[in-house]
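Q: Listed in order, the protein sequences are those of chains A and B. Residue numbering for the first sequence follows our numbering, beginning at 1 and increasing consecutively. Residue numbering for the second sequence follows our numbering, beginning at 114 and increasing consecutively.
Note that these hints are calculated values from the structure, not bench results. Take these hints with a grain of salt, some might be off.
Unchecked claim - Below, a sample of chain A positions facing chain B; criterion: calculated Cβ distance under 10 angstroms: (1) Ala30; (2) Ser58; (3) Pro61; (4) Asp63.
Claimed, not checked - Not the full set, but computed from the structure, chain B residues with beta-carbon under 8 angstroms of chain A: (5) Ala152; (6) Tyr210; (7) Gly216.
Every residue gets a Cβ at the ideal spot worked out from N, C-alpha and C, and that includes glycine.
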Amino acid sequence: EAGVAQSPRYKIIEKRQSVAFWCNPISGHATLYWYQQILGQGPKLLIQFQNNGVVDDSQLPKDRFSAERLKGVDSTLKIQPAKLEDSAVYLCASSRGTGETQYFGPGTRLLVL
Amino acid sequence: GQNIDQPTEMTATEGAIVQINCTYQTSGFNGLFWYQQHAGEAPTFLSYNVLDGLEEKGRFSSFLSRSKGYSYLLLKELQMKDSASYLCAVRDISGGYNKLIFGAGTRLAVHP
């Protein structure tokens, strides 16, 4: 069974630029999550989808971050414009359903200069 | 509110046993997960507890006491490859849906 795929693996941008990350979950997994992990901290949930609907986006900075999962499979997370404090690893995870074991992708390491 | 505490760092010797503790406060506890995260890699699932008691899985065991808001991960016969961060994560349902809240992680260094 293929795992969660993410791209790109690394990205360096300047502040005020925009960036987009892509995630393809494990086949058949209805729930998809985007987390932000700052160095030395645990992952923080940004947004949770159930199929193509948003379950929780309470911690998503909506003035600059957006995410979509239009067909209920893969998803994109966008930051526009980026700030220095957005430098982090962005992890995508998926699970069969909400509350079930989450499986993580390799993450995208973002550096904002 | 929600709060998860675990030690920042621990060291142990190859072949030994180490216990990583996690205490939590949450209004809608619905299970606890442990994940392992090697430096620069994604978290990988280790164990899950929802009822009180010990769950054993090879060299790794996890314990839960819901009344005390306490869990631990026990690693036996430590190997160098066990050097990693160990994340305690609480599944919380207080918002009407399941949500995973992670602690900051415990960085374990195993030395010869």
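Q: Against each hint, give a clear statement of whether it holds in the structure.
A: These are the hints, each one checked on the structure:
{"no.": "1", "hint": "Ala30", "in the structure": "violated (13 angstroms)"}
{"no.": "2", "hint": "Ser58", "in the structure": "holds (8 angstroms)"}
{"no.": "3", "hint": "Pro61", "in the structure": "violated (18 angstroms)"}
{"no.": "4", "hint": "Asp63", "in the structure": "violated (22 angstroms)"}
{"no.": "5", "hint": "Ala152", "in the structure": "violated (10 angstroms)"}
{"no.": "6", "hint": "Tyr210", "in the structure": "holds (6 angstroms)"}
{"no.": "7", "hint": "Gly216", "in the structure": "holds (5 angstroms)"}
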